[in-house]
Structure formats: C-alpha cells, structure tokens
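**Student:** One letter stands for each residue in the lines below.
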Amino acid sequence: MPSLHIILTTSFIITLVILISPVFTSILYKSLNPNWHTHHSKNAVKMAFFTSLLPLFLHLHTGTELTITNLHSMNIMTFDINTSFKLDHLSITFVPIALYVTWAILVFASWYMKSDPKFNQFFKFLLIFLIAMVTLVTANNMFQLFIGWEGVGIMSFLLIGWWWARADRNTAALQAVLYNRVGDVGLIFALGWMATNLNSWEMQLMFITAKSLDMNAPLIGLILAATGKSAQFGLHPWLPSAMEGPTPVSALLHSSTMVVAGIFLLVRLSPLMQDNPFALTTCLILGALTTLFTTICALTQNDIKKIIAFSTSSQLGLMMVTIGLNQPYLAFLHICTHAFFKAMLFLSSGVIIHALNNEQDIRKMGGLHYLIPTTTSWLTIGSLALMGTPFLAGFFSKDAIIVALNNSYLNAWALALTLLATSLTAAYSLRMIFFVNMNFPRFPALSPINENIKSITNPLKRLAWGTILAGLLMTCAVLPPKPPMLSMPPYIKLTALVITILGLTIALELALFTNKQRPYMPKQYFYFSTMLGYYPTIMHRFFPYTFLKLSQTIATMTIDQTWLEKTGPKTITSLNLSLATTTSNIQKGMIKTFLSLFFTTLMIIILLNYY
Amino acid sequence: MNPYLLIVLLTSLGLGTALTLSSTHWLLAWLGLEVGTLAILPLMAQRHHPRATEAATKYFIVQATAAATLLFAAFNNAWLQGHSDIQHMSHPLFTSMITLALLLKLGLAPMHTWMPQVIQGVSLNTGLIVSTWQKIAPFILLLQIKQIHPPLLTIIGLASILIGGWGGLNQTQLRKILAYSSIAHLGWILLILQHSTALATYALLIYIFMTSATFITLKKCKATTINMLTTTWTKAPTITLVAPLMLLSLGGLPPLSGFAPKWFILQELTQLNFIPHASIAAMAALLSLSYYLRLSYSITLSLSPNNLPECLQWRVNYPISTPLSSALPAALALTLFLLPLTPSALTLII
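Protein chains in written order, with the numbering used here: chain A, 1 to 611; chain B, 1001 to 1350.
Treat the hints with caution; some may be incorrect.
[To be verified] Simulated DEER-style distance windows between Cβ atoms: (1) B:1172 to A:590: 17 to 25 Å; (2) A:168 to B:1302: 48 to 56 Å; (3) B:1125 to A:555: 53 to 61 Å.
[Stated by the list, open to error] DSBU-like mimics (lysine-lysine), calculated; alpha carbons at most 35 Å apart, straight line: (4) A:588 to B:1222; (5) B:1146 to A:592; (6) B:1219 to A:588; (7) B:1222 to A:592; (8) A:549 to A:588; (9) B:1262 to A:588; (10) B:1235 to A:493; (11) B:1219 to A:592; (12) A:493 to A:364; (13) A:454 to A:306; (14) A:570 to B:1262; (15) A:566 to B:1262.
[Unchecked claim] So these bits of chain A aren't anywhere near chain B, every CB distance computed over 12 Å: (16) 36; (17) 40; (18) 79; (19) 188; (20) 303; (21) 370; (22) 439; (23) 469; (24) 516; (25) 524; (26) 593.
None of these hints come from the bench; they were simulated from the model. Heads up, the beta-carbon is just placed ideally off N, CA and C, and yes, glycines get one too.
Only chain B is shown next, with the shape it has when bound in the complex:
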C-alpha cells in the first residue's frame, strides 16, 4: 500500500480512538468512533479480493448500525435530560440502547456473528488491529456509562464466554478461532465491568498483549489454518517452542500472565457473592482452553506426517522480519511473564 496512504489511515485510526477517549460529549464520542471505522475500511479492503471486500462491507454495515443507534439514543437522552454528558446519563431505555450498540461494536453475543467472518476475511495484520485496537474505544465508553440494568451486562458477558467457547471448537481456520477467542475474552471483561473498572482495564490490556502476540506469531508462520501450523517447526523452531505457552496464556493457565485477569475477576465475583456467574465463567473457560490446546498440539506436541525434503525449507523468506515482528518479543514477554508483576501492574491502573 502506498506509504502516504498508510500513514494517513493509521493516524486517523489513532485519532479516532483518541477522540473517543478524551470526549465527554456524545457527539464527539460518536465522531471518534466513526473516524475509526472509516479509517480501517481501506486497510481491510487493501487486497481487493472478494472476501476482503465482503468483510469490509459487513464491518461497515455493522459498525454503521451500531453508531447510528448510538447517536439516536444519545440525542434522545440529551433531549430528555437536557445535557449530553457521557457520564451522567439517566434515562433507562436509551442507556440500554447505547449499551447494546456498543456491545454490537465490540462484537459480543448475541451480536457476535459478524466477528468471525470479518476477521476471517481480512489479512492477519488487519485482523490484529480489528481485534485489539478497535475494542479500546467502545470499551472506554462502556466504562463510563452508568448501568441501569446490571443483569444485562452480566448475562451478555456469560453468553459471550460460552459462545466464544463453543464456537471455536468446530473451527479449523485460525482467524475464526481467534475471533471466537476474542469474543470469549471480551465476555470476561464484560462480567467485571460494572464492579471494578480497574480489573476490566487490566483484563483488556492483558488480552491485547496476548492477542497481539498470537497474531504476530501466526503472521510469522504464515499460517491461516491448523494444518498450516504443523510445519511451523521447520520454519521457526523458536516460535514452535514458545507458541504453546502463549496459547496457554490465552487459555488462562498459571503461571502465565493470562491467568491474572481471570483470577482477579473470579475473586471479585466471589467477593460480591456472584457465585453462579463465577462458576459458569470458570467452566466455560475450559471450552476455550480446549481449542487452544488443540492449536498447541498441532504446533508443538505432534509431528505431522511429512517427508524428509519438506523438513528443511530451501526457500527462506526475505526480509525475515516483517514490520510487526519487532513487536513480537515484547508482546511475548508480556504474555508470558507478567504474572509476578500483577500487584504493581494493578496499582498502575487503579
């Protein structure tokens, strides 16, 4: 892609999120969201093949619907309330509408169906951006809204965790798996959103690190299906070594950093006496873990049937490092080793 275009688009992406983050008025928030949506569309469709175009179209329609609902509900609320402050919304109906719109933007159940198709259609890098960067803005807005119906977020959160688990079980395409995994993680974040914003932020942060590490790893291996993962050991043995740990961190196993958000979320839920929610969430995490294990099984723990010449790559990829691959060590380190630093990390956010 034309570098100038790329710079403009990426800057707009950042601008959009920054606008949303720094706004107190609904109009500015909506503006930031729209800028972000528009900025990413060319990035998604840059390859011009039908699937990418389709993905871009679907993404646009979905985000547009969400934004329209958002704007509608925000103005109604402003009309009824007299001001359009984000943090002081009081009308129950429109608060719920805004919440739903934001959840659609995030891609949570039951409005998740666009996520797998969109992320599948675009390239891995763009998928990374959609999965990580685009979640920040709606999330911040969600944080600031006072929830009239607390059960709404809880139910949707639990449903997302469950659907993220079950959906990913039947997939072989890696991008779809990662889409479902992001649905599941966002479900966890949603569970704790109303009770502890610090934990939600922390969970989102760790999720961003883990997902980035995964996407970059997959980009390096040039793998988009599970079958293509099996030859990773010939291309990049070091990644083969580390990939299971990364996936298990996504699954939330100690002593990796993915364990920390789940742990604290469960602890918080238990302290607030939400035992059934905590139990269901913990059980449903097992479903996601099973497909992470399947991935790690095909990367590291088994050798696929191969003949001898294939075991050694004669065509080496130049340049070996892609633009994003310099971020891989950082992302991996944060994915794997952050658990002991959790107390200090939490103080940073609280």
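So that you can see chain A by itself, here it is in the shape it has in the complex:
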C-alpha cells in the first residue's frame, strides 16, 4: 500500500496532538461551564483512542513498524540526542490499549470525583500522566524514555497525594517518590554507562554495539530501575501504600500503566538482556520472590484495594519471571491483558466503596451479589481473568507463561515459587469474592447503593469486553517472535489449570469454615502475612535511623563540633587566655621583678657568650 508510512506517522502525531491539546487549552481558555474541562479531556482521550486504532490496524495488516526522528535536541561532539518515536509492535499495541483503559477510567472518574472541588485539575493530572506514559512507551532513545519515566513518577506523586490533608496520604506519596527514586539511580547509572561505553542512547545503535560487550553493570542498573518502578521485592512497599489515592488513580497508574513501565523498559531493552544469563537469572529469582511474597501478603489483607494492589504486585512479579525466562513478548502480552482486568477490578471496587459510603473493609461487606449484580459480575469476571480461567484474557498470557516456565531448564526453586503463587492467587481472589459478593450483608442498611449510572456501567462494560476478548484478539492477530512451546506431556500443559483449581478448592473449603463454629486458631500464623512480612516495619525505621545517626556522628559531631570548633577556635581561646593571664600576672608592682629579670637575662647571655 503506497505511502503507508505517511499514514502511520500522521495518525500517530495526530493522536499525540489530540492528547496534548486539552492541557494547553485549559491554560488559555476558561469556560463558564465548570465541567467543560472534564468533557474535553474525556472526548480527547476517546478521539485519541480511535485515531490510534488506525496505526494498530495498519500494523496488524501489513506488519509495518517505523521510527520517527524529529528534532535534533542537542549533541555533545559525536553524541546526539533527538526526539524520536519508535512505533514498533510493542508501542503500537500498547498505546491503543492504554488509551482504551484511560478512556474508561476517565468516564468513571467523572462520576467518582464529581464532588471534588478540584476535579478539573484531577483530569488534567491524569491527562499529563497519560502523555508521559505515551512518551515513555514510544521512546526510541533512552533520554526520551527517561523523560517519560520521570514524568510518570512525578504525576504518581501528585495523584497519590491528591487528598493531601491526610497525613497518611502524604506519607504514601513520599514513599512512592522515594522508592521510585532508588530505582531511578539504577536507570541513571545505566544511562551513563551506555553513554560512555555504547556512545549512543538510540535503541537501534545500542543493540548493535552491545553485542560484544559485557553488559552486567548496566543491566543490573536497569533491573534496579524496574524493581523501583514495578515494585519488585525490596522496593515494593510503595505500591500498597499508594492505594491511599483515589480509585481512578489506582486503576490507571498502579495497575495498568505506570507500574508496568519498569517491565516495559526491560521488554524494550530485551535484546541487551537475552545473552546475559546473570541478568536473566536475577530477573527470574527477583520475580519469583516478589510474586510469592506479595501473594502471601494479599491473603490476609482486609482492605479491598490493598488486596487488588497486592495482586498487581504479584502479577508484576510474574512478568518479571517471564522476562527472566527470556520471553519478553509473553511479558508484554501479560502487560496488555493485565491492564484490562486489573482496571476493571479497581473500578468495580471503586463502585463498591462508593456504594457502601466509603467502606473499604471486606469484613464489612457481603451479599452484594444481590444488591449490585452488574458490578459484582465485573468483579467476578476480573478475578476469573486474573486467575487464568481458560479463554478469558488472562488465560492466553498467563497459561503461556506457566507453560514456558514448566518447559524450561531454569532454576527450579523459582519455578516452584511461581506455581505456588499462582495457586495462592486463586485463593485470595476467591477470598475477596467470598467476602464481598456472597453470604449476607454486614453493612448498615442505609447505604447509598446505586449502580444505575451510565458513567459506571458503560466504561465497565467496555473493559469487560476487553477482558473477555483482548487475549484472544492479540494472540490471533500477531505471530509471536519466539516460537511457542507446543508439544509437551498433558500434565505439564494442565499444570496451571490444576493448581489454580486446587487453590480455589482449598480456599473455598477454608471460606466455608466461617459459617461454622470452629476451635479458635491462634493468630500468630497470620502475623507475617498481615504485617506484610515485617518489611515496611523494619526497613522504614532501620535505614533512616542508621543514616541519620551516621550523619550526626560524622557531620555534626566530628566535623562541625570537633574539627571546626574545638580544635580550632576553642583551643586557641583557652591557650591564649591562660597565656594572657600569666603575662599580666607577672606585674605585681615589685621592682624585684624588673631587676631580677634583667639580671637573669644578662647572666644567660654572658654564659651563652662563652659557649
């Protein structure tokens, strides 16, 4: 088809322009209608979604991928930095999905945040976040990626602390920024290493020149960046704390888009990683540890948003495991499918929270299946997709991952942990559904339960369609770059399904205990899980205390007080004081003093004369 690239380029640029325009027009144009900005943002995202479908279809039809290089931003001798967009399979697929999910979330947010005085600004923030995310995803050089990276970090901070009057919110926002920053150190180190050793920040150039070099150092930096941004174990506590923000924020940032940025970075730079067994093993182990740990933590949470947050965390661990298995495409697939059902889960939980008058504790919910049937259906569908129910969206990605896992010759302990986590996923999902949907209501009778609002049902319906169909569409439309594992014994193929069902049954058994009077079980078994493995308790106190103590000892006591005060001025003062007093105390008014001193000096000089 002639001039294909022009159509692709133009439609992508139009998408970007449509996204950016509400931000600028909100500065330049004030309307009398207070909701104007909201409508404008929603419509902008909707239009951008439809416009971005054009590159998607063109790409699916013809397999076109292209790179757009626009401005020459700066150069340092032979090192160029441009603004260049890379529209390859990853970004062309991800951008429409992100826009679709954002569209749904924005429509939902127009209902959820309606009573907030500054919800125009809220929409603007979400839009700026989206632009930063698109920049990150379509970046062809590390500099632009870093711009997007920082952008999503800052918007996450602003959005988590949206209701900043509450101290916990501010702490959570700060936590997010700090943990992300620790990860950014890795990214900046990798950037620096690449600038000095590979002499370029363009992806294509990097992939070629990196073939012969030992890439351990920058890859560790990149993995650290992914650990920070995607809440892997070690830098994970910010993700559950980020649930302090409003539900649309949790849905957009901390489920679909921002937290996958770290994984996306590793997927983008996977040609650097595929020959480095050290980096791959690190990813594998880190991912397995994350997924199991967060799943265990999710088992005993009582806040519905925290359960979903931990499930996000464990899915991110799973994505990391996939990268460690050297299957970046499957990780990307899981990113895309996960976006749909996780956003749907968050939005449904948002409806439930609003319906029960801001009640987030699942012990105080129940029987909602009879009261808000559509919402609980979305919840159930989302959970089923999360568990990997055959032929929903999650199945295509998750099952492929587990199959690749089982057929690989890698670290068996990591594989075992991942399988365990998969079954526990089913367990906590069932726990959530059991407490929310089933049994009898445990909340006050006069709750404002209402789901007959178009702003809720339409976006959730769209997301539900996505949850059901997205996996199928994506798997059928594109040939995977790596050949999938197709022949294996049946028990290997059915492993994922079997352990999920196992987890479901055990969880169901346990849930049914709640109806019966059982002997009281000591709670100590749960403490590890409820306290999130004691990780925040220890880490948030130990490191700050150590560093502050160290700084007090070194900076204040040693340098300031000792070297700069005591050894200098105070010593001189005391020395001079004693000498001055001695000198002036010689004066006693006695003639004896002068004459004797004269005599003594004279004698000394005479004696010295003869020697």
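Position chain B against the provided structure of chain A, taking the given hints into account.
**Tutor:** Leaving out everything else, chain B in the frame of chain A:
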C-alpha cells in the same frame, strides 16, 4: 607646673636625646641618656600622688640600672679594644651587655615589666613622652652597634611581640594597654633592626605618630579606663568617628599607615628567608589587634547603657583645646593616610 621649670625640663629632654644622637663616643651617649632620664623624672612626679611618685622611682631605678650597665660595658670594651667608638665595638660579651642594657631602657621583653606600671602611674601626657620620645635615643644607639649574636635581637623581638599581645588582653586600664602596645611595636622594630635600618627607622616613626595620636585622643576624652571610653560619643563625636581607624592603624590594617611598616618588615624577613619569624610575628599581631578592636568596639561600635540626661554634657571643658590637642590633627592625618606615600617616605629615610 611652673612654666620656667617646664621649659627647662623639656629643653633638657630634647638636649639629652640630641646629645645621644650626635655622639660617637660612649661617654657622650651615656651622658645624653642620663640627662634625658633626669629631665623626665620631675615631669613624671609633678602631680605628687603616690602612684606617680612610685612610677618615677621605678623608672629611675630601671633607667639607672640600664645606664650603669651600659657605662660599665662600654668602658670595659674601650679598655680591651683601645677606643670607645660606638660603631666599632668588637668584644662579644660587652656588645651583648650593652644591647641588653639598651633593651632594658626600651622596655622590651623579658625586661618589660616596668613599662606598664610606669606608664600607668603617670599622666597621659607624660606617658606620651615616655612612650615616644624616650625610645628614640636608645634606638639610635642600637642601630649603630654591630650585633655579634643576631639571634639575640630576633628572639627578644619575637618575645616582645608575643608578650605585648598577651599582656594587653587582660587589661582594662588604657595606659597599660598602650604600654603593652608599645612593647609589641618595639618588638616589630627590633625584628628588622639588624637587617634594614631604614625600615626600622620608618617603623619607629610611624609608631611614634600612631601612639601620639592615641595618647592625645585619650587625653581629649579624659579617658583612662575602657569604661570611660564609652561616653566619648557624647563629648567629642568626631573623635568617636575617627578613633576606630586610628586603633586599627595601630593594629596594622591596610589601607591605614600602620600597615606599611608591618608589610615591609614581613617582606624583608621573607626575602631573607626568615619564614618562621615572619609567621610568628604576623600571628602575634593578631593578639594586639584583638585588644585594639575591643577599644574601638567600646568607643564607636556600641552604646553603653546610659540614661538620657547623661547623653548631653552640660559641663563643657574650657579651654576646649589642651596644649597638645593642636597636634592631634597632624598626628591623626599621619596615622591614617600615610600608606600611599610610603615609597617616597622610604626614600627619605634610606
């Protein structure tokens, strides 16, 4: 004091120094010194109060001891050498004895202990004369002696600077402070005496100007302790303005003239590779600077707790100008503004 007596005494003072300055024979030098000592004694004791008498007595004993030692050593040297020329002394022992005697006369460490008491005991005018005029004669004699032991003068010079610094820190009486400051300045002069007579003379000259300006200022303010300095701003605001500059000139800060001798002395010492001496001298100058700053702080930079009526003097002093106060402008000008003229001033002395 009886004007005739005053004229006789002052003339004798001048005569004594002139005799010493113009002599080549030790006897005449000693004669000049003795005449000067005797002439100033009545001036010191003119008030008849015990402290003045005591000061005069101490001054006499000290100067007499010094002069006696001087004469003894000079005659011994003459006996051994055959002539008593001042400039051609060669015997090491007696040269050192004469040097020590002259240093005692000047009031340098470790023989400085009489200076603060004497200057404290006498009035400000007499203190001025003791501090400035009486230093000229021994100094000239020192210049002319060939030093057998160069370290002697250097060590005594450094010790004087240090003692002048430390001693003045613990004082509140202004005359004692000025005594210690003169010890310190003479120490600086002594450092450079053997190496460059021109610089030593220049340093002495600037020292005389600065000390005269200080003494005259204090006389005008009628202040003898630091506390009495604090009310200067009510009596003579102009002096309050200028006094810190004068004191800082004593301390040796540029761009005032007190900086010039210190600068050149340090430069000369450095060129002769006497780095430790230069360093110690420069550091010790800080000690003196601290008590000059304290004085300037109490004169100008702070207001002492005062009630309103005290702020305006209703009893004005007539005549406003004392005999010496006409010299104040000249002395002040020379203290403050001589630095740019240093090259030409040096050529005059060299």
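**Student:** Take the hints in turn and mark each one as holding or not.
**Tutor:** Structure-based check of all given hints:
With their beta carbons about 21 Å apart, residue 1172 of chain B and residue 590 of chain A fall inside the hinted range of 17 to 25 Å. One distance hint, 48 to 56 Å for the beta-carbon pair residue 168 of chain A and residue 1302 of chain B, holds here, with the actual separation near 54 Å. A C-beta distance of roughly 58 Å is found between residue 1125 of chain B and residue 555 of chain A, which places it inside the suggested range of 53 to 61 Å. A C-alpha spacing of about 26 Å is found between residue 588 of chain A and residue 1222 of chain B, which places the hinted pair at or below 35 Å, so the restraint holds.
Between residue 1146 of chain B and residue 592 of chain A the CA atoms are separated by roughly 31 Å; this keeps the pair inside 35 Å, and the hint holds. A hinted pair counts as satisfied when its Cα atoms are at most 35 Å apart, and residue 1219 of chain B with residue 588 of chain A qualifies at roughly 26 Å. Restraint check for residue 1222 of chain B and residue 592 of chain A: the C-alpha separation of about 32 Å stays at or below 35 Å, so the hint holds. Simply put, residue 549 of chain A and residue 588 of chain A have alpha-carbon atoms about 53 Å apart, too far for the 35 Å limit, and the pair is violated.
Proximity of residue 1262 of chain B to residue 588 of chain A is assessed by CA-CA distance (about 32 Å); at most 35 Å being required, the pair is judged to hold. Under the criterion of a C-alpha separation no larger than 35 Å, the hint pairing residue 1235 of chain B with residue 493 of chain A is inconsistent with the structure, at around 108 Å. Proposed proximity of residue 1219 of chain B and residue 592 of chain A is supported: the alpha carbons are some 32 Å apart, at most 35 Å. Among the hinted pairs, residue 493 of chain A with residue 364 of chain A is inconsistent with the structure: their alpha-carbon atoms are about 40 Å apart, more than 35 Å.
Between residue 454 of chain A and residue 306 of chain A the alpha-carbon distance is near 27 Å, which keeps this suggested pair within the 35 Å criterion. Of the supplied pair hints, the one linking residue 570 of chain A and residue 1262 of chain B holds, its CA atoms being roughly 28 Å apart against a limit of 35 Å. Restraint check for residue 566 of chain A and residue 1262 of chain B: the C-alpha separation of about 31 Å stays at or below 35 Å, so the hint holds. No Cβ of chain B approaches the Cβ of residue 36 of chain A within 12 Å, the least distance being about 66 Å, so the stated non-interface status holds.
Every CB of chain B is more than 12 Å from the CB of residue 40 of chain A (nearest about 66 Å), matching its label as outside the interface. No beta-carbon of chain B comes within 12 Å of the beta-carbon of residue 79 of chain A; the shortest separation is about 51 Å. Listed as a non-interface residue, residue 188 of chain A keeps its Cβ farther than 12 Å from every Cβ of chain B; the least gap is roughly 48 Å. Distance check for residue 303 of chain A against chain B: the nearest CB is about 66 Å away, which clears 12 Å, and the non-interface claim stands.
A cut-off of 12 Å between C-beta atoms confirms that residue 370 of chain A is not in contact with chain B; the least separation is 86 Å. Against the 12 Å criterion, residue 439 of chain A stays outside the reach of chain B, whose nearest CB is about 83 Å from its own CB. Non-interface status of residue 469 of chain A relative to chain B is upheld: no Cβ of that chain comes within 12 Å, the nearest being about 86 Å off. No beta-carbon of chain B comes within 12 Å of the beta-carbon of residue 516 of chain A; the shortest separation is about 88 Å.
Every beta carbon of chain B lies more than 12 Å from that of residue 524 of chain A, the smallest distance being close to 70 Å; the non-interface claim holds. Residue-level check failed: residue 593 of chain A sits 5 Å from the nearest beta carbon of chain B, not beyond 12 Å.
In summary, the numbered hints that this structure violates are 8, 10, 12 and 26.
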